[in-house]
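Protein sequence lines correspond, in order, to chains A and B. So the first sequence is numbered by numbering that gives the first Met the number 0: it starts at 0 and just counts up by one. So the second sequence is numbered by numbering that gives the first Met the number 0: it starts at 0 and just counts up by one.
None of these hints come from the bench; they were simulated from the model. Quantities reported herein were computed from a predicted structural model and do not represent experimental measurements. Note that the Cβ used here is the ideal one computed from N, Cα and C, for glycine as well. Fair warning: there could be bad hints in the mix.
Once the Cα atoms are required to be at most 20 angstroms apart in a straight line, the calculated SDA-like pairs of lysine to any residue come out as [stated by the list, open to error]:
| id | chain 1 | residue 1 | chain 2 | residue 2 |
| --- | --- | --- | --- | --- |
| 1 | B | Lys-96 | A | Asp-211 |
| 2 | A | Lys-324 | B | Pro-235 |
| 3 | B | Lys-228 | A | Gly-323 |
| 4 | A | Lys-96 | B | Asn-308 |
| 5 | A | Lys-96 | A | Asp-114 |
| 6 | A | Lys-223 | A | Leu-374 |
| 7 | A | Lys-96 | B | Lys-78 |
| 8 | B | Lys-324 | A | Pro-235 |
| 9 | A | Lys-96 | B | Asn-260 |
| 10 | B | Lys-2 | B | Pro-235 |
| 11 | B | Lys-34 | A | Gln-322 |
| 12 | B | Lys-78 | B | Ala-124 |
| 13 | B | Lys-96 | A | Asn-221 |
| 14 | A | Lys-34 | B | Asn-308 |
| 15 | A | Lys-223 | B | Lys-78 |
Covered stretches of chain B (in silico footprint by chain A; criterion: 3 or more residues with CB under 8 angstroms from a CB of chain A, positions within the stretch not fixed) [what the hints assert, rightly or not]:
| id | stretch |
| --- | --- |
| 16 | 5 to 16 |
| 17 | 187 to 195 |
| 18 | 215 to 228 |
| 19 | 246 to 254 |
| 20 | 297 to 303 |
| 21 | 330 to 343 |
Protein chains: 2
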Amino acid sequence: MRKPRLMTPGPAMVPEDVLLELARPVIHHRSAEAKDVITEVSAGLKEVLQTKNDVMILTASGTGAMEAAAVNTVPPGGKALILNAGHFAARWASICKAFEINAVSLDFEWGQAVDPDRVAEALKANPDTVCVMGTLSETSTGTGHPVEAIGRVVAETPAVFAVDGISGVGAMECRADDWGIDLLCVGSQKALMLPPGLAFISVSPKAWAKIDSFESHSYYFNLKAARSKMKEFDTPYTPAHTLILALRTALRRIKEEGLENVWQRHRRMSEACQAGVQALGLELFSSRPAEGLTAFRIPAGLKDSQIRNKLTERFGIATVGGQGKLKGHIVRIGHMGYTDEIDVIGTIAALEMTLAELGVDIEPGRGVTAAQHVLMGQASAVGQG
Amino acid sequence: MRKPRLMTPGPAMVPEDVLLELARPVIHHRSAEAKDVITEVSAGLKEVLQTKNDVMILTASGTGAMEAAAVNTVPPGGKALILNAGHFAARWASICKAFEINAVSLDFEWGQAVDPDRVAEALKANPDTVCVMGTLSETSTGTGHPVEAIGRVVAETPAVFAVDGISGVGAMECRADDWGIDLLCVGSQKALMLPPGLAFISVSPKAWAKIDSFESHSYYFNLKAARSKMKEFDTPYTPAHTLILALRTALRRIKEEGLENVWQRHRRMSEACQAGVQALGLELFSSRPAEGLTAFRIPAGLKDSQIRNKLTERFGIATVGGQGKLKGHIVRIGHMGYTDEIDVIGTIAALEMTLAELGVDIEPGRGVTAAQHVLMGQASAVGQG
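All chains, full assembly: derive it from the sequences and hints.
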């Protein structure tokens with residue numbers, strides 16, 4: 000028997016009661032019942048994104064929300080500043096290119112955090128920037144960026160701040176309104192505990208002013224159309240409303256646990272995973288780890304496929320490798336959404352056995368013990384190897 | 000007890016085994032298992048769309064596929080000919096406007112079919128047309144357009160033919176390759192027996208030549224990116240892969256029934272519904288009814304909400320009213336996908352009782368009998384009222 004454990008940084012595991020919602024008979028998306036669902040999830044999304052502004056619901060992957068943020072706020076030829084520190088940050092630049100937005104790339108080494116001071120300098124050098132495009136949790140490197148500090152910098156300028164919070168929101172503290180995030184993009188298949196298929200985007204009054212200043216090249220992702228329908232708790236086109244129904248259950252779970260507690264659980268899982276990995280002598284890839292995933296460098300002499308395949312074949316645990324230039328160099332373990340401390344310990348235990356069987360000189364139990372110490376709130380005596 | 004019956008022209012009812020697929024634990028969309036699923040549904044989609052060309056899978060409503068067809072084939076300033084005979088045909092024009100495509104509208108009265116001769120004339124008058132944008136089943140009027148004949152006209156010109164087959168494909172005969180449809184757009188929530196959330200689009204070599212001739216303003220809906228990923232049975236961005244898993248089951252059902260049989264079932268349901276409605280003295284709205292839905296004019300002195308609300312409240316039957324300028328003037332009954340003859344008869348029976356209770360002078364049983372005669376393969380003696 001191989002029990003599947005989806006320890007990937009999205010899609011992540013989905014609670015059983017949320018899955019069962021998906022199996023309910025389909026209802027019409029413009030029925031009174033469907034509107035009640037959207038009314039409730041609309042309030043729940045505001046809480047999770049920590050915003051008083053409307054959160055638009057898009058039927059798309061998270062990338063669709065990023066496209067919506069970019070094309071609706073920056074006209075062709077307008078300037079965007081990309082805080083480029085990974086594969087997904089680079090996606091902002093690709094979107095800009097496709098829509099003839101003038102993207103200025105502020106590059107940081109992959110695995111390093113964006114430096115807010117450099118953002119301030121870049122905005123001084125580019126005072127005509129319409130939108131700063133950043134990332135909360137860079138999934139490709141496992142890095143959490145200091146979005147609060149960057150938001151303070153951007154808030155002092157006429158630019159708006161668009162943040163890819165796809166793998167971050169719900170997995171780490173993020174407060175759209177308090178932190179000056181004008182457009183916060185979220186995907187359903189990460190910490191929100193749903194399958195993929197929905198994306199969400201909050202829009203601040205500062206962002207609406209940009210959006211209302213021109214007619215964007217957008218139809219499906221037109222935010223003005225979404226806003227006008229959202230006033231009636233509706234969407235411009237037929238939404239994936241079985242997923243919206245399931246979202247209601249997922250959001251009720253978050254409400255019940257409490258958003259602050261959800262963040263704290265992710266922080267504990269993150270610290271435990273980091274401690275476990277390091278106790279095995281593995282090196283974390285990121286200098287400022289995100290809280291929804293842990294990336295570590297592959298030990299010399301091993302291939303990522305050896306580690307990842309054994310984890311899957313022997314223990315049913317799915318992880319992901321590196322993307323782009325990190326392909327073959329790192330392994331990434333997701334711990335977000337419907338994942339608990341025992342899932343993390345189990346993954347560390349499996350990693351220990353996997354590495355030992357691959358001939359790495361490690362002491363089984365050492366990683367698990369380090370993770371346990373973190374979870375028990377103690378400084379781990381063996382945590383730093 | 001009110002047993003829900005979703006007799007709307009999309010979303011439509013979803014088979015129980017398809018719903019249960021949605022409740023399965025989420026798998027990673029780039030796992031070997033997920034690729035196997037995409038490999039199988041890719042073949043199934045080719046069969047349902049009757050094409051040898053790749054069918055792209057988009058996570059979006061059907062409108063997303065329409066946007067993809069338009070923006071990828073027609074550059075800004077390029078000309079499109081819109082076969083405008085309803086609310087959804089007009090959507091083509093709205094998409095063109097958003098992306099600065101020069102849309103020439105060939106207008107037909109709502110409820111009338113597009114005349115292929117007028118299309119030929121329009122193409123003669125507009126030889127620089129890049130794309131003709133039409134509709135297989137105009138959901139807003141319940142009209143089936145003569146796509147085969149239009150396709151023959153377009154095939155003789157350099158223009159490509161994009162067809163919104165969202166509520167038509169699977170509900171009525173449609174052969175992408177044989178009929179000269181270069182881009183066929185389909186939605187998941189109609190005759191394909193899935194919840195909403197996926198869209199499909201087939202692309203002919205003639206269309207690829209247009210697409211490859213310029214860089215379109217598209218990212219999420221970029222068809223070149225979709226093509227390149229589809230070669231590996233993958234998608235550019237995280238797809239709604241629980242829906243893709245469910246699609247596999249739905250396509251297996253279609254394969255088992257046989258596509259020709261599926262079309263015939265829809266034709267029978269359509270003719271039975273038309274006969275039943277007409278036997279009650281009601282007037283069909285369309286002069287060339289589509290086979291996935293039936294639209295009838297509201298009898299004088301009644302409101303659509305009176306009829307539709309009673310159908311829902313008393314019998315659990317959901318229908319839809321008119322859209323745009325038809326609001327308040329028609330009722331539309333869907334009979335597509337996971338709908339059978341008994342569902343149609345039940346709906347006619349409910350309509351009889353509803354109208355009788357609303358004071359319309361009708362003879363209960365007359366509509367049902369007419370529908371039964373059609374289903375028994377006999378010309379109904381009372382069918383024409």
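Q. Can you list which hints this structure breaks, lowest number first?
A. 4, 5, 6, 7, 9, 10, 15, 19, 20, 21
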